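Here the protein sequences come in this chain order: A and B. Position 13 of the first sequence, counted from 1, bears residue number 13 in our numbering, the numbering being contiguous throughout. So our numbering is basically just the index in the second sequence, starting at one, shifted up by 102.
Rather than coming from a laboratory, the hints here were simulated on the basis of the structure. Careful, some of the hints might be misleading.
[To be verified] Listed below are the simulated DSBU-like cross-link pairs for lysine-lysine, each with C-alpha atoms no more than 35 Å apart in a straight line:
| id | chain 1 | residue 1 | chain 2 | residue 2 |
| --- | --- | --- | --- | --- |
| 1 | B | K181 | A | K2 |
| 2 | A | K10 | B | K274 |
| 3 | A | K2 | B | K274 |
| 4 | B | K299 | B | K274 |
| 5 | B | K299 | B | K217 |
| 6 | B | K299 | A | K10 |
| 7 | B | K181 | B | K274 |
| 8 | B | K181 | B | K217 |
Since the model is a prediction, treat every value here as computed from it, not as a measurement.
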Amino acid sequence: MKDREQDAQKLARLVADSRTSSFAPFFAARVMARIDQAEEDAVVTALTRLFRPLLGLTLAAAFFLTLFNWQNGSLMGADANALELAFSMPTVSVETAQYLSP
Amino acid sequence: MNHATIPDKRSDPHPTCFVKVDDTSDTDLIRRAREGDSGAFRTLVERHEPRVAATVVGMLGTGADAEDVGQEVFIRFHKALDQFCGDAAVGTYLTRIAINLSLNASGRRQRARLKFWSRDQEVAPPPEPAIDGRDIVDQAARQEIVRWAIQQLQPDHRAVVVLRMMEEYSTKETAELLELPEGTVLSRLSRGMARLKEILQERGVEP
Numbered sequence: 001m002k003d004r005e006q007d008a009q010k011l012a013r014l015v016a017d018s019r020t021s022s023f024a025p026f027f028a029a030r031v032m033a034r035i036d037q038a039e040e041d042a043v044v045t046a047l048t049r050l051f052r053p054l055l056g057l058t059l060a061a062a063f064f065l066t067l068f069n070w071q072n073g074s075l076m077g078a079d080a081n082a083l084e085l086a087f088s089m090p091t092v093s094v095e096t097a098q099y100l101s102p
Numbered sequence: 103m104n105h106a107t108i109p110d111k112r113s114d115p116h117p118t119c120f121v122k123v124d125d126t127s128d129t130d131l132i133r134r135a136r137e138g139d140s141g142a143f144r145t146l147v148e149r150h151e152p153r154v155a156a157t158v159v160g161m162l163g164t165g166a167d168a169e170d171v172g173q174e175v176f177i178r179f180h181k182a183l184d185q186f187c188g189d190a191a192v193g194t195y196l197t198r199i200a201i202n203l204s205l206n207a208s209g210r211r212q213r214a215r216l217k218f219w220s221r222d223q224e225v226a227p228p229p230e231p232a233i234d235g236r237d238i239v240d241q242a243a244r245q246e247i248v249r250w251a252i253q254q255l256q257p258d259h260r261a262v263v264v265l266r267m268m269e270e271y272s273t274k275e276t277a278e279l280l281e282l283p284e285g286t287v288l289s290r291l292s293r294g295m296a297r298l299k300e301i302l303q304e305r306g307v308e309p
């Protein structure tokens with residue numbers, strides 16, 4: 001009985017002695033870097049979540065604005081190309097440049 | 103094996119848990135960490151790394167997944183800072199997270215082994231005991247063999263052995279940490295110890 005008790009105590013000591021008390025060096029720095037990264041990711045996720053509902057609305061607004069500009073293309077002059085019509089950009093000429101300069 | 107013979111060294115095995123001054127310091131560091139002081143949280147990590155390392159490395163051995171689990175323990179703690187009410191000591195709280203994550207990782211590792219390993223692939227053999235002229239096993243090699251032998255135990259037995267014998271928690275505390283009845287802890291400890299002794303004897307290490 002006493003032998004078994006001593007055996008158990010020796011085994012317990014052997015296990016306790018094999019205890020590892022640290023990870024690789026700079027463990028705390030690696031943990032902090034992962035926490036910082038997780039916080040950055042959280043900001044990106046929050047912004048994505050915030051702006052996702054606005055995506056459809058923005059695309060629809062852009063589409064209608066382009067359509068509106070296109071339909072009023074006659075104001076841009078006959079020689080305006082598709083891009084100028086869509087964005088309602090006036091054709092740049094020497095006359096307009098002189099007109100716009102102070 | 104008589105479980106009562108295993109000494110309960112709870113008089114002062116984990117000063118961070120049971121010394122009032124350190125508890126207060128932890129509380130103060132947690133308060134500062136909640137306010138966004140990353141230096142305070144880093145101090146908590148440095149202070150409690152030994153205990154988390156002992157639990158995780160005891161459960162998973164040294165390696166990349168032990169490091170990952172160790173980091174994950176502190177990341178979860180950081181996320182739960184606002185919910186941490188201080189009912190348990192920080193060390194005990196971290197040990198609970200560490201043991202649960204280690205058991206999950208152990209299960210994943212076992213499933214992956216069953217899925218991808220063929221039958222003729224064996225677990226890495228244990229280190230050979232270094233023997234000097236007087237047949238005395240070198241201390242470091244002996245410890246390595248003990249760590250290897252602990253890895254050969256079933257995960258639920260290993261968890262009890264690590265908490266009770268390596269971390270030196272009492273049977274009651276071990277039961278609380280693992281959410282098991284004390285009787286189950288004692289029977290797992292007894293079986294775990296018996297198996298551990300067998301494995302060590304097979305490797306020529308006498309307790």
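Hints and how they fare:
no. : hint            : verdict
1   : B:K181 / A:K2   : violated, 49 Å
2   : A:K10 / B:K274  : holds, 22 Å
3   : A:K2 / B:K274   : holds, 25 Å
4   : B:K299 / B:K274 : holds, 24 Å
5   : B:K299 / B:K217 : holds, 30 Å
6   : B:K299 / A:K10  : holds, 10 Å
7   : B:K181 / B:K274 : holds, 28 Å
8   : B:K181 / B:K217 : holds, 33 Å
Hint compliance for this structure: hint 1 alone is broken.
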